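For chain D, the structure is supplied; the task is to place chains F, W and G with the ligands on it using the hints.
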Amino acid sequence: MELSSYDLKNFFKTVADMMEEEKDYLCELDRKIGDGDHGVTMSIGWQAVNEILDADLKDEEDCGKISVAVGKTFLSAVGSSVGPLYATGLMKGAKSGKKKNVMNELDLVEYWVAFARGIKERGQAEVGEKTMVDTLEPFANTLEAKYEETQKFFESFEHAVRDAEKGMKSTKDIISKKGRSSRLGDRSIGAQDPGATSAFMILSAFQKFAENRSTQVS
Amino acid sequence: MELSSYDLKNFFKTVADMMEEEKDYLCELDRKIGDGDHGVTMSIGWQAVNEILDADLKDEEDCGKISVAVGKTFLSAVGSSVGPLYATGLMKGAKSGKKKNVMNELDLVEYWVAFARGIKERGQAEVGEKTMVDTLEPFANTLEAKYEETQKFFESFEHAVRDAEKGMKSTKDIISKKGRSSRLGDRSIGAQDPGATSAFMILSAFQKFAENRSTQVS
Amino acid sequence: MKKLINDPRRVVEEMVEGYVHAHPDYIKQLPENERALVTARDTKEGKVGILIGGGSGHEPGFLGYVGEGMADGVAVGNIFASPSPDPILEVTKTIDKGAGVAYLYGNYAGDVMNFGMAAEMADLEEDIEVGMALASDDVASAPKEEKEKRRGIAGEFFIYKAAGAAADFGYNLEEVIRVANKANAQTRSMGVGISPCYLPQTGEPSFEIGDDEMEIGLGHHGEPGIEKGQLESADSVAERLVGDILNDIEITEGDDVAVLVNGLGSTPRMDLYIIYRKVEQILKDRGIQIYRSYVGDYITSLEMGGCSVTLMKLDEELKQTISHPVDCPMFVQK
Amino acid sequence: MKKLINDPRRVVEEMVEGYVHAHPDYIKQLPENERALVTARDTKEGKVGILIGGGSGHEPGFLGYVGEGMADGVAVGNIFASPSPDPILEVTKTIDKGAGVAYLYGNYAGDVMNFGMAAEMADLEEDIEVGMALASDDVASAPKEEKEKRRGIAGEFFIYKAAGAAADFGYNLEEVIRVANKANAQTRSMGVGISPCYLPQTGEPSFEIGDDEMEIGLGHHGEPGIEKGQLESADSVAERLVGDILNDIEITEGDDVAVLVNGLGSTPRMDLYIIYRKVEQILKDRGIQIYRSYVGDYITSLEMGGCSVTLMKLDEELKQTISHPVDCPMFVQK
Ligand SMILES: Nc1ncnc2c1ncn2[C@@H]1O[C@H](COP(=O)(O)OP(=O)(O)O)[C@@H](O)[C@H]1O
Ligand SMILES: Nc1ncnc2c1ncn2[C@@H]1O[C@H](COP(=O)(O)OP(=O)(O)O)[C@@H](O)[C@H]1O
Ligand SMILES: [Mg+2]
Ligand SMILES: [Mg+2]
Ligand SMILES: [Mg+2]
Ligand SMILES: [Mg+2]
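Chains as they are written, first to last, in my numbering: chain D, 1330 to 1547; chain F, 1330 to 1547; chain W, 1200 to 1533; chain G, 1200 to 1533.
Derived from the structure by calculation, the hints contain no laboratory data.
All figures in this text were calculated on a predicted structure; none of them were measured in a lab.
Every residue gets a Cβ at the ideal spot worked out from N, C-alpha and C, and that includes glycine.
Each statement offered as a hint is correct.
Computed spacing ranges between beta-carbons, pair by pair: (1) G:E1426 <-> F:D1502: 53 to 63 Å; (2) D:V1431 <-> G:D1322: 34 to 44 Å; (3) F:L1435 <-> W:A1384: 48 to 58 Å; (4) W:G1297 <-> F:K1495: 50 to 60 Å; (5) F:M1330 <-> W:D1322: 36 to 46 Å; (6) W:A1384 <-> F:M1330: 53 to 63 Å; (7) G:E1426 <-> F:K1537: 50 to 60 Å; (8) G:E1426 <-> F:E1380: 36 to 46 Å; (9) G:P1207 <-> F:E1380: 48 to 58 Å; (10) F:D1502 <-> W:E1426: 17 to 27 Å.
So here's chain D without its partners, still in its complex pose (with noise of 0.2 Å):
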């Protein structure tokens, strides 16, 4: 499997259009614990994003500098909490990329897992604190274990991202500690944190978008 830098930006475009689809959700989820805004910020931010893959990106064939460039987009267009935290992990991702038109499967895993591990970095999260990073931390510990001891993109991603998804869904029965919701208390229990779902709409599209890229291939 390999990513060029076409498929790149054809994957932010995904993301971006599944932004819109899935805002409502998200705003609905981060009315129950936050300030209901985390599906407009997402909204804004990808399709900042979508515009500049359409015009200063058009030609740009670095996964490097994409990846790097979407997530300055996106940090520009919404500040916010996600904006640092996407941005970090866009950025931190690209180096994977840079100054690579197409990136191979181990290039991609080392993207993934840097975006997960910046991410981090930048919030300084932990898991059980009911945020992004309990759907971003299996999942890079997955990801790059499974993908070390199988060598199989698919297999370790899909994998990584059923791990996500428990990490997600494991949001619901804790108490947040960072962010907004932080001062919940007992209150924050039974409701899903919006950005460990954004987060795992990501991933989760990246693998839907990478499986049916390998089958078109093939």
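Just chains F, W and G with the ligands now, kept in the frame of chain D:
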């Protein structure tokens, strides 16, 4: 039929009680074409009157002084449009009760005619402009004429109140020319004027009060 | 209806009490009448006294505008009801510094009668000269030919500003009234309501309105307007309001205006500035110059939703009054 | 949801456009970034620059507080979302007069990350010294022992006021940050919500609340509070809010405080002054002296209903900062 200063105070107390009961209805009328406060204003004013009847006026026996004090109290408590209007009515009426512990039928006719005419003069409104004058002017004209003709107090008052009611109801079908509702143009049609209504209530309350009074006595 | 109040019958008393305690170096209550408030600062002998007033529920109007550069005293009425002559007379007696007192108030039947009675009493009982100027800026409330029948809404703010400055300039009573009347003659407002207010004592909405409707030209006591329409975009609303004003008064290229975009109580500043944005565009397109703008809650109707736009056409004298500094508890201008 | 807006996605742009056009002698937009606004007045060389910012929807917070005596510039975020580092950095570059820039903002995850990134960039790329002071005044948002975890609400106003004055006094960056941190350490707020606000883009209420309920301790973005309760009288609400504050910080007989009763957007001034009345009574009963009071909409949440009470315990230095004059488009103090 005679009315003592004690009766006069009791009558004012009857009005105060009545306004508490009718206040929601009067507000509802005023919401349609005005600012929705007529019942509140009447209630505030008559409650203030109620208090002064039990306090400063407790031992007052001069019907004129009582009516002046009631008017001034009402005015001080409410301001508004109806403060000057009803206060002027009560103060003009007071003349026929001046230095009297008891008012006879002629005094009472004069009282109510002066009440109605005083209000008209203060507000500078004509019949047909959708104000309390639509109630008060036909009332005063009939009371004066009938009493002069028949010298029968109750019959005259009854006739006058009947014409007051007609006047009040006529405000439904006309365009307002005075007060807040005058800005409504055609949209004021169909709504009965709140001031015309409260004025009718006062007059008709007096009719009932006087009739009761005379049955008790006889 | 949801409010942060205690006894609905005591809201005005408690508000006034809170107000005078919050700003003791600005305002004080007269011992003779708790609805009579005057500035706590010294006012010059020989300055014309400026007296404003009206019903409560319009805060910052009217009690918020007592202070240097605007009014010397205010008579406070019940909610949406003119004050009675008593507090007006008490304020008059206190703020008269030998040059007479100017009464500034909106053109409402109740205010006309109560201020009128107070003026008679001031003349007869106290021998104080009183001048009166009524605000009648609401374009929606009567046809052009009958401007004197119109009611006063947010434009009252400009009239206080103009007359307050004139008094500070040392004008005599006649001149202060002339300036106030000129300000009124040059001022037009047009409002729109999108949600009602609630009288504390009835708990009922002041008017009925559908989820997608707006009431054009409504009064600032919730009196019905001239027309119910589909709720439109801020730009369309601004066009409608400014359009009605410019149809009513000739303001053309090169003219100077002061602009007030006034919130009725629950309209966010965000929305008011979005309205302002379009107002400015319209005026700019016509070559009309904006001398100074005010955007915010200046004269409200409790928690009513909506706004009004006011334009005052300025000559040199009115420009001076607009630029004059003010120091009131609810409005300060340097 | 009913609003006077155009395209919900463009409310911030249009508000900012309206705002800078309304007050051209106060504020200007930087050509590099439309979300970067700075004072239109000259600022002294060598004065510490004061930079504030945060999400939109809190007007007059934050853009309303740019002007003499308060902030030199503001970075404007999306609704209820921290600004990104770009406008923060642009403002920093413009307002640095060689003495560094103080960033003042509320303690929210998003603001901490974005302002933090901007500060790094200012240091690395521009060699501008940046100091930071976070507002964490909301008693409801974390236990006493974890004050540093608390979020900033209306008390931010006092922190801007204190730091803005300190910068004017000629303090250096370290001293300005010290004063801002002291102001924050001495400030406590407690809020109550009675009706939600609506994000323009979703049209949904920010929280659910029954007709007879209030949300105690809610955040000023509609984040749930610590407790839902029966809606009570203004006096009880004031007692609860002040009680929680006085349980959290020792303010006793003879102490001086500044008081802010802040409306969240749709609460009439009438109600705020009724709340103030009780706040003043409680403080007076305890012998606490009120140095100055502010009552009105200072930091809002769009059209949310409710209010907060803030107390800042004053020493001589903070008193001086409170008394310092201010001239901003949405707040003027003489
Ligand atoms: N310090 C943090 N580390 C990791 N994730 C965080 C942190 N703070 C917040 N988040 C994530 O951000 C999400 C909220 O995003 P969003 O609603 O867009 O921002 P905001 O809270 O500024 O409104 C939360 O659900 C959480 O997953
Ligand atoms: N000039 C006037 N002459 C006679 N009656 C008037 C006049 N102006 C108003 N009214 C009466 O006052 C009534 C309204 O009273 P109210 O609601 O208490 O006062 P406001 O209009 O000041 O709120 C109207 O229904 C009308 O009957
Ligand atoms: Mg959020
Ligand atoms: Mg009325
Ligand atoms: Mg009224
Ligand atoms: Mg947010």
